[in-house]
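Asks: Work from the hints to combine the two standalone chains into their complex.
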Amino acid sequence: MNQEIALELKHISKYFGSVVANKDVSLTVRKGEILSLLGENGSGKTTLMNMISGIYFPDEGQIFVNGKEIVIRSPLDAFHYGIGMVHQHFKLVDVFTAAQNIVLGVKDKKRFNLKEVNERVMEISNRYGFHIDPKKKIYDMSVSEKQTVEIVKVLYRGADLLILDEPTAVLTPQETEKLFAVLRKMKEDGKAIIIITHKLHEVLSVSDRVAVLRKGEYIGSVVTAETNEAELTEMMVGKRIELNIDRPDPVDSRLKLNVEHLTCKNKEGVTTLDDVSFKAYSGEILGIAGISGAGQKELLEAIAGLEYAYPGSTVTYVTQEGEEEELIGLSPKEIRDMGVALSFVPEDRLGMGLVGSMDMADNMMLKSYTKGKTPFVERKDPTSLAVKIMNELEVVTPGIHTPVSRLSGGNVQKVLVGREIAASPQVLMVAYPVRGLDINSSYLIYSLLNEQKQKGVSVIFVGEDLDVLIALCDRIMVLASGKITGIVDGRTATKEGIGLLMTKNEAMRQEDKNES
Amino acid sequence: MKVEATEKIHEPLFHIAKRESVPLWQGIVVRAVAIVIGLVVCGIIVSASSSSGKNFFEVYASLFSGIFGSERRIWLALQDMALLLGVALALVVSFKMKFWNLGGNGQILMGCLACTTCMHYLGGKLPDAVVILLMIISSVLAGAIWAVIPALFKAFFKTNESLFTLMMNYIALHIVSATITAWFPKGTGAMAPIEYANLPVLGEGQMGKSLLPILVVVVLTGAMFAYLKFSKHGYELSVVGESENTARYVGINVKVVIIRTMILSGAICGIIGLLLSGAINHNVSSNMDGNMGFTGIMVAWLAKFNPVGMIFSAFFITFITRGMGQVCTDFGFTNDALSDIIIGIIYFLIIGCEFFISYKIRFNKKLLRKKES
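Order-wise, the sequence lines are chains P and X.
Per the working numbering, residue 1 is the first one in the first sequence, and the count goes up by one each step.
Per the working numbering, residue 1 is the first one in the second sequence, and the count goes up by one each step.
Same shape as in the complex, but just chain X (with noise of 0.2 Å):
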């Protein structure tokens, strides 16, 4: 039985088809494009909304002085860019073996926990240079332990460790509520600064607070460059990533790399939990993480895994978040729903613009023609 064509049928007006490969300049322009669309858009609703009576201008001036404002505030962005930095290397390590780990926060959070429970146990009763020294060991192990039981399953179960992560992730913040609750039964739930073994500052002012973190970030990221391009380990990682069938075929060991990778990962998480609860905070706090094991995956994805462009996507996340911080308080935002809609269309379009990078869209010159005439 012969189907009958019942409709007209009318050629696509345009297709998409992709790209061989971009120019760097041409990708840099579209990203930048991007971007000031979405300062513009950011613009428009902040100076729409607002109350204040400052207009349009202002935003951007505000904009910059969250994080060029004052001397406090550029270590302030330098030390929340570190932070950031740091985390979305340990992502990148698990991501370039397609290890999808999504359990940043967690790993940050018991790292966190690991080295407060030092302080608050030891602090004052031992030297605090062995205090220090165990709060270290203490972090990295903590948040290696929290990535490696999902990479055992993984490596030995095939279990999928997106969900078992992200799980991880809840399982670790309630624990550091519980444990806050059961130090400080009577407390808030927040915990004061502990003054025992804090980690050394190293100069004036806020400065000498944050370049502890910041040098041990840049020491970080040399260290993840070089170990993913020029390790044994960084290459094996990265062939069990792109083909197990190739990594089984060569005689690599799929479980080991699968598990010594993920305690790497959760180790620089642990690094990171100890800079914020050891050197930043002196405490603990069930949101300490900041949400970077989230953050982090898109400073990652922005610069394609590779560590030195993950330095510019970390810049930029930081500018963002803070300028917008500063940009409500300036126009006298009182909830963070606004900023939260403006970071977000920014992030949309920064996502959204690397369509027009891998693809192009091809119009039917005919039809055009057509509707010109």
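Extracted from the complex, chain P is given alone in its bound form (with noise of 0.2 Å):
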């Protein structure tokens, strides 16, 4: 291995108010080497990162490029050392091509030539085995394209130091095992890369060393092939923590809800869910797995009355004593008014299921508060829920009379999921509930939704981690472009089985494309 450094940390720190976002970090980045940057959500990985890439500035430290100290105030500074960074969020122009996008902002003072730059691309794509067409418009792109997209652009400036922000959490596993595979062939021409990610596995297997944030301070640095998950876990939270997901049986399985012909289109026009059909039954986790934006939201929006679904479509809700009610054509309110105990989660949690600004007890009776026949708001049940709800599920907060939008991502799922488990559900949605949580409130959320399980709720669980999913649920539902592409055994399925099907209706597009 190349033992230069390529860039080298002393002491940062960085503050927002009275939160420290990192303290006292020192870090080091050697040339041809895969550094993987650990640590929970908002131990300060990103911040960190963004500091050298140019968007914030370090309140104190100094940063080392090839030895010589730098200052870094903006992005562009940055590209004058050779770093760049891939952000988790892409920052791509949606109507320019793959090429377009990757000379945006580029000042260099020869005469502008589209061909040329092309042709740039293509070669910087064919050594290092990307697969990209710099005429294709990022519209037209699935996300691996556009990361590839961002990766390039990141490489045609010039980069030596590559940031890569969560790079696979939008991926299937085998795209993440091509990015992967990119990222070698980077590492042998001698490009510095760091990777921020909290998944376990994919650390142990692309990089050479990991660094450990946590709570914005470093823990320390360890040789990946000296390590195991155990170890890198007990550094990451601070104490061992069992890692293993509980699937009980299911118990007394009944059909809860059937779903069926289920179609909806967005407002352009664009079909969303395609003719979906299938059956939750109480005492089982149903998983729903598929890349991003594949029907997942639309599916549970429409079950909550929260999307218009076209005619011929049915969801069907049964009730304790076998009753059929049909739920499509109302609206969430006259769901709640009919008896029905469905619970839902929802995706965007501050914007959806919460009210940011309120507080815990005010959000509390975001469901409730039409009770009473007075036109005033009656505050004394929601503020006790609210009471018992942080003492049940530690809910880490001031006191319950501070908005919501102040908490950690962690805190502000437990008021959600606890809001939604108190209603006592017959069915439970749930979208994303462990998304930007650190461990220890993973675990809380999976143990919750198993004691729903257990108590004989039908849960529908759409989830990202494939693992998570594998190990949870007891039957997986894939969904690809809005169609149901396979429902599989969770006890029996394998990642790259559900890749495939995640992927299926995108590659039989593809067939189709190419021979037209």
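Partial chain X-side listing against chain P, Cβ under 10 Å, derived:
#1 15
#2 21
#3 230
#4 233
#5 243
#6 246
#7 247
#8 248
#9 250
#10 251
#11 252
#12 253
Calculated directly from the structure, the hints in this document are not laboratory data.
Keep in mind that this is a model prediction, so the values were computed, not measured.
Where a beta carbon is used, it is the ideal one built from N, C-alpha and C, also for glycine.
Replies: See the structure below:
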């Protein structure tokens, strides 16, 4: 291994108000090395990287590139020193082609020549094994293609140090493997790569060294070959924790929700859900997998009465007594007033499930404030419910009257899940319930879901981490471009199998295109 | 191709960081400092540009006498303050819903016009009590209708409410001018006060005239505070304001809430119109709104939409406006330009100081030390 140091951070600190984002972090990256930056959400990984790439300015500390101290004030400065960052949320212009996006913002004295750009893009792609069509428009691209454009963009500007912020969060297992192959090639080419992630098995498979952050502080670095998941988790969390997800056997399985021919279209008339039919049973967890935007959101919202379903769609809810109730065409309030015990934890917690500027108590009564005959709201019961949830789920907050938007992601989710479970649901739908949560909170959510399952609730779980889906769910339904491409048994499913189902329609469509 | 660093990169001297939350007293101190600076600037400009020979300190004597100079002035100031607060209350319900109602002026004018129309046609022909009842109903309705039109378009067609409400002001303004011309084709455009069906006077002198508007607004303030803080409607409209998606998620009918809230907002403006025409002026003119539809926005924002805080911001704005009017009279300024400039400067400082409440400026200590040494 090349031992030359590409980047060195010394005693970097960054504060946001009284919040310590990074404290006294020192870190080195060598040339020809992949360094994993590991840490829980909120541990300051992204803030640290943003300081290197010129988005934030460090409050204290020094940065050295190739042994020389430098000051980075803007992303342009970062590029001067060959540092490029691929952000978690892509920053691309939709109506431009790949090549146009790549060259956007590059300031050289030469005349702009798109043909030359295309050639250079192809050259870079061939060198590292990317598959990219420089003339393709961004809006025609899949998530993984867009990511490729972002990476090439950074390489085009001559970056020697690449920072990738959670690059695999949006990829299927197959796409992740491809990305890792590319990263390994770059490494052989002498580039230094920092990859931010919290998926341990990826850390172990791709990186040479791992640097761990916890609560903004640098805990230490270890050589990947000499460590294991348990040790890394301990470094990350600060204590030893059990990483097994329980999966009790389903009890007393009865039909709870029967969805047939569910079809939805978005505002532009594009079909988002195409003739989806499935059944959900009490006492089981039904997982829903798919690449993002495959119709998961529309499916849950259509069942909850938030999305218009086309004629012919039916969603039948079976009550405890065995009576059938049709939910399509009803508003969420009408569904609730009918006595249907349906709880829904939406993906957008503060934008849909809660009101960020309101306190816990006011958020508790979102679904029950209409109770009582007076024109005034009753705040006594919601307040005691808020206190109960705060104590039982150990919500960390200055008090129940603090606006929930001030709480951390995990605590916001505890408030939301707590409220939805307190309504004693028969069907509980959760969308990406552990996104952005630390390990402890994630496992708390899993065990809450299992608890509900054992109570006989039919749980529908939309997830993105296939490892979790496989470990937690009894059945896993895979959506691809709004269609069901398979329902598999969670006990026998493999990641690769689900990954193939996730891209099945996509692959078929590509073939159609090629033939025509 | 690697871009070489051509210029030497300097460290920034300071940067701006968001504050967590500021203790109450600190916020008050910052605002007080802004007001003091504003008043000093006011004193300097006035004493420097006046040819009346009065000195710097006499500016403040005039300023205070504008509002506290006599019993009559005190009551007039309280009346102005009450009306302004009333308009701000109307606006605050819509603002809490993130419906930017810029049509206060128009809604007030339509209230004035409806009230005066009743007085003009029915005054003296029907018993006063009946006319007054009709005045109340028609003013409230007129204000509500003027506000609900943009609300309907917003609810059903998602039009932008700011532009829509703003344009409704001009329509209202010209309807009033046209009506006055139609009533008095040969007149000067100004209307003589109508003697019939005036709202009751509750006592002697200016106090008697001002007391009714003041009492109405006192009741309104209490009612709006309770409505926003404790009622189901108030809860619904703040949910809609914070996030329409959350409102949909819990099954709130967003269209109904928008329309209902704007009817309320317009109705309160209509009441202010009723007070202006029925209790104070007994006629209508095209500038009767006194631009309170816009000044009220500032009253609401300065108090962060809290009806109790708005009492203070309404008082302050009334104080400055009436005080500067007095200063101009005492120092012999014949036009409003100077007073407008100074009021502008003071507003600017008051609003500008909010920046220092929300943000702090952190200097680069290393560079400062270098400079000192």
